[in-house]
Amino acid sequence: MIITVEEIVYIYIGVCISMLIFNVFIIFFRKSQYKRFKTRTQDISKLIDVQLEHIARKQPIKRTIQIKLNKMLTAPNKLMAFHEAIEAALEQDAVVVQQYLLLSRPLFGSLAVKYMQKDDIRKAYFAYLMSRYKVCKDIEQDEIINSMLQLIDTKSAYCRENALKALYSFGNEKNVLSAIMLINKNEIFHHEKLLSDGLLSFEGDKARLGALLWEHFNEFNNDIQVSIVKFLHAVSDQFKEELYSLLIRQETNKEVKVAIIRYYGKYVYEPMYHFLHTTLTEASDDWEIIAISATVIRAYPTPASIEALKIAMHHSNWYIRFNAAETLNALRKNYNELASIYNGTDRFARDMLLYQDQRTRIKAQAQQQEAVRV
Amino acid sequence: MMDSIKVLFEYVAIFFICYMLVYSTFLFLSVTVGTSVLYKQLQRRQMKNELQHDYYIPISIIVPAYNEDVTVVDTVISLLNSKYQLFEIIVVDDGSKDNTSQALIDYFELNPIERPIRKLIPCMPEEACYLGYRDNIQITLIRKKNGGKADSLNMGINASQFPYFICMDADSMLQDDALEKIIQPVLENRDVIACGGLINIANGVTIKNGKVIKYKLPNNILIIMQALEYNRSFLASRIFWDQFNGNLIISGAFGLFRKDMVINVGGYDHDTLGEDMELVVKLHSFCRSHQIPYSIKYEPDAICWSQVPETMSDLIKQRRRWHLGLSQSLWKHRNLIVNPKSGIVGLTSYSYFLFYELLSPFIELFGLLTIMLAFSVNIINVQFMIIFYLIYAGFGSILSLTAFFARIHTQNLKLDLIDVLKVISLCLLENAGLRLVIAFVRMTSFFRYKKKKNHWGEITRQKMNIDL
Chain Z
1 MIITVEEIVY IYIGVCISML IFNVFIIFFR KSQYKRFKTR TQDISKLIDV QLEHIARKQP
61 IKRTIQIKLN KMLTAPNKLM AFHEAIEAAL EQDAVVVQQY LLLSRPLFGS LAVKYMQKDD
121 IRKAYFAYLM SRYKVCKDIE QDEIINSMLQ LIDTKSAYCR ENALKALYSF GNEKNVLSAI
181 MLINKNEIFH HEKLLSDGLL SFEGDKARLG ALLWEHFNEF NNDIQVSIVK FLHAVSDQFK
241 EELYSLLIRQ ETNKEVKVAI IRYYGKYVYE PMYHFLHTTL TEASDDWEII AISATVIRAY
301 PTPASIEALK IAMHHSNWYI RFNAAETLNA LRKNYNELAS IYNGTDRFAR DMLLYQDQRT
361 RIKAQAQQQE AVRV
Chain W
1 MMDSIKVLFE YVAIFFICYM LVYSTFLFLS VTVGTSVLYK QLQRRQMKNE LQHDYYIPIS
61 IIVPAYNEDV TVVDTVISLL NSKYQLFEII VVDDGSKDNT SQALIDYFEL NPIERPIRKL
121 IPCMPEEACY LGYRDNIQIT LIRKKNGGKA DSLNMGINAS QFPYFICMDA DSMLQDDALE
181 KIIQPVLENR DVIACGGLIN IANGVTIKNG KVIKYKLPNN ILIIMQALEY NRSFLASRIF
241 WDQFNGNLII SGAFGLFRKD MVINVGGYDH DTLGEDMELV VKLHSFCRSH QIPYSIKYEP
301 DAICWSQVPE TMSDLIKQRR RWHLGLSQSL WKHRNLIVNP KSGIVGLTSY SYFLFYELLS
361 PFIELFGLLT IMLAFSVNII NVQFMIIFYL IYAGFGSILS LTAFFARIHT QNLKLDLIDV
421 LKVISLCLLE NAGLRLVIAF VRMTSFFRYK KKKNHWGEIT RQKMNIDL
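Listed in order, the protein sequences are those of chains Z and W.
Okay, so the first sequence: first residue is 1 according to the UniProt record's numbering, each after it adds one.
Okay, so the second sequence: first residue is 1 according to the UniProt record's numbering, each after it adds one.
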């Protein structure tokens, strides 16, 4: 027994010593890493400067330097130093540096193949650099694009997100479509918010991208459909009829319907008026649809809309009353229009209307004060 | 007689060797895993492995407050400095006796409002509501009848507009990127229902516009020892449990939750002192028994700076509350340990918290009594015992230092030589001294159970070093 205890004590001592060595090593390693990074950045900057001078003089860039960089940048630490040097150069002369990056596409193509062999963190970093450098602008097919598409089907959300960002920045709608098709086909979870916000950063023709996504709309799952409708909401009024026919179809998913109804809050479409009016006045279990309709009807300001909202104010669902009261306050012209609610017996409706009225006033007052402060 | 005592001690020794071996292995694993995860996170940040967007998911931030007029305004300012663009702030004043509400009303020019609040989970009635806006961010103040912290959080949940909410303490400050970091696990995985952030000790730290501009350890040795303890026991172990969805605690100082799930389990429990732990254990229990796929995450990049007790009496009060809360939560959800559906949570996390947190003070006391008895009958090797104890304390101290410096390095904080020396010189005292004091406090905490039920943990607050 005593021997066992002693052995345990020795193990503890061993662990303590290794931990101490680890701590000391980390301190020195980090210090030296920082110094080495600075030196590397300076070395790479010198190489880049030579190439930039050639471009400024309208001479071809030096092949030997590109070959040297190709060898160096295989190491992620050197790629980080390259990034640091490029960022500094971009601040000096963005046009020439961008030209240099475009001319370096073969270099990045070769690096893409090498980085696809590395771990997810490094793959994601390479994809991030491609999204910054936009070296495949308006190109449909090449090694870098293939690598980015390859990254879509990885477990790492960072790889996927950075690869998507790169594809958005390249501005080719067919590649973006291919990426989304891959997400859909392989049932990959990529948050709907990331997808819809990401699509908005697309640097090509957004209308063309919208049309292409719409062409394949029915092939996508509901999450992706929601993202696409949100994207269309932000970029185009050309889908009023198509989305309406989808909205009135019974089998359309509820989340997709909610996104479509929001679309008509921005782009007024006559047939929607009837849809919103019916939704607000007729009994239904879909409270989400009624609640969003109570908000969107603000874009259809008629006396009948106000009457429909007044009916919605008596709904048992809290969110419907909340949205209806907010819209009524925005649409009403005077107190008398809402007197039936203020003087009525439905306390829930009255309280909500009063709250939204006070809230609107406080917000307006705060905005005025903010403007004065600015 | 002597023979049977010797046999008894033999068994006691075997028990303690196994007990300490498991604990030191856990400590070693948690610090090793925690440290490597922190360095990996640093590498991720350096290599731009981030989900950065301008607009994320809208969040309601709930700040329960009781007698917090010294710090509450700074806390709200720190929230307004956040890079995040889509959130609302709800401060719930739980019937404070000081000027908590008035301080907020004056500073943020809040207006009284008649606000209907939908009571999806039970809480005390509201007495008054106030509303204001800063940079388009809605600030709501709800003053309610005193009902405790859990009750205030429930009121905040009832009043919140958005599908996710954050609970935080009124004496805490968030770093400017804390909100965008804490939401990242939700963007990565649709099953995430809650996520805890990293709590750093704010005493002595100066923050400007949500960024740390000066990190200085205070001269108060109690705070430095708590800093060491936080990194070893909380940061490292939570990262470790996070690897297999086994975290049973998300600190009340900073945590994100999916509102519908919290409402499904009935919100925070009024009858528990450790309402933060109870909620997380309840979520585990609920999801496991209903076979709902879920994940409870810990995000060390989401940083919250919180004040810790500066005096021993405040620390004793705090730890007593924590220990009672732990015992209540474990007792209430004791089915976790016997239910086969509980899986890893029941098997490892629950057992760990039961044997190494809840019962450890009693086991340690039993150990001390055994030592004394062994000494009295002269069957103990005193020299070996002292060496063993010193090595064990040294082992704990080195692990504390490793976790502490890993955090300092990975958060790009700079320590001057004096601070480094302070930390090194106090780590042994923390392990061999403070830990024993805290073990004693935890053991005696049950005697004051009735008296302290449902009260706020009141500790003396200091004005934070926040540069406006």
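Bear in mind the hints are in silico, worked out from the structure with no lab data behind them.
Note that the structure is predicted; figures quoted are calculated from it, not measured.
Take these hints with a grain of salt, some might be off.
What the hints assert, rightly or not - Below, simulated DSS-like cross-link-like pairs (lysine-lysine); rule was C-alpha separation at most 27 Å, straight line:
| id | chain 1 | residue 1 | chain 2 | residue 2 |
| --- | --- | --- | --- | --- |
| 1 | W | Lys414 | W | Lys208 |
| 2 | Z | Lys38 | W | Lys214 |
| 3 | Z | Lys310 | W | Lys119 |
| 4 | W | Lys214 | Z | Lys46 |
| 5 | Z | Lys118 | Z | Lys155 |
| 6 | Z | Lys38 | W | Lys40 |
| 7 | W | Lys211 | Z | Lys35 |
| 8 | W | Lys48 | Z | Lys38 |
- CA of Lys118 (chain Z) to CA of Lys155 (chain Z), is that 27 Å or under? Status holds; Cα separation ~14 Å.
- Is the straight-line distance between the alpha-carbon of Lys214 (chain W) and that of Lys46 (chain Z) 27 Å or less? Distance of about 35 Å is beyond 27 Å: violated.
- Query: Lys211 (chain W) and Lys35 (chain Z): Cα distance at most 27 Å?
  - Reply: Satisfied, since the Cα-Cα distance of roughly 25 Å is no more than 27 Å.
- Does the structure keep Lys414 (chain W) and Lys208 (chain W) at a Cα separation of 27 Å or less? holds, 16 Å
- Task: For the pair we were handed, Lys38 (chain Z) and Lys214 (chain W), check the Cα-Cα distance against 27 Å.
- Result: holds, 24 Å
- Given pair status - Lys40 (chain W), Lys38 (chain Z), alpha carbons within 27 Å: holds, 22 Å
- Query: Can the restraint linking Lys48 (chain W) and Lys38 (chain Z) be considered satisfied, given a maximum Cα separation of 27 Å?
  - Reply: holds, 19 Å
- Query: Given the hint that Lys310 (chain Z) pairs with Lys119 (chain W), does the C-alpha gap stay at or below 27 Å?
  - Reply: Within the cut-off at roughly 24 Å; holds.
Violation of the numbered hints given earlier is confined to hint 4; every other hint is satisfied by the structure.
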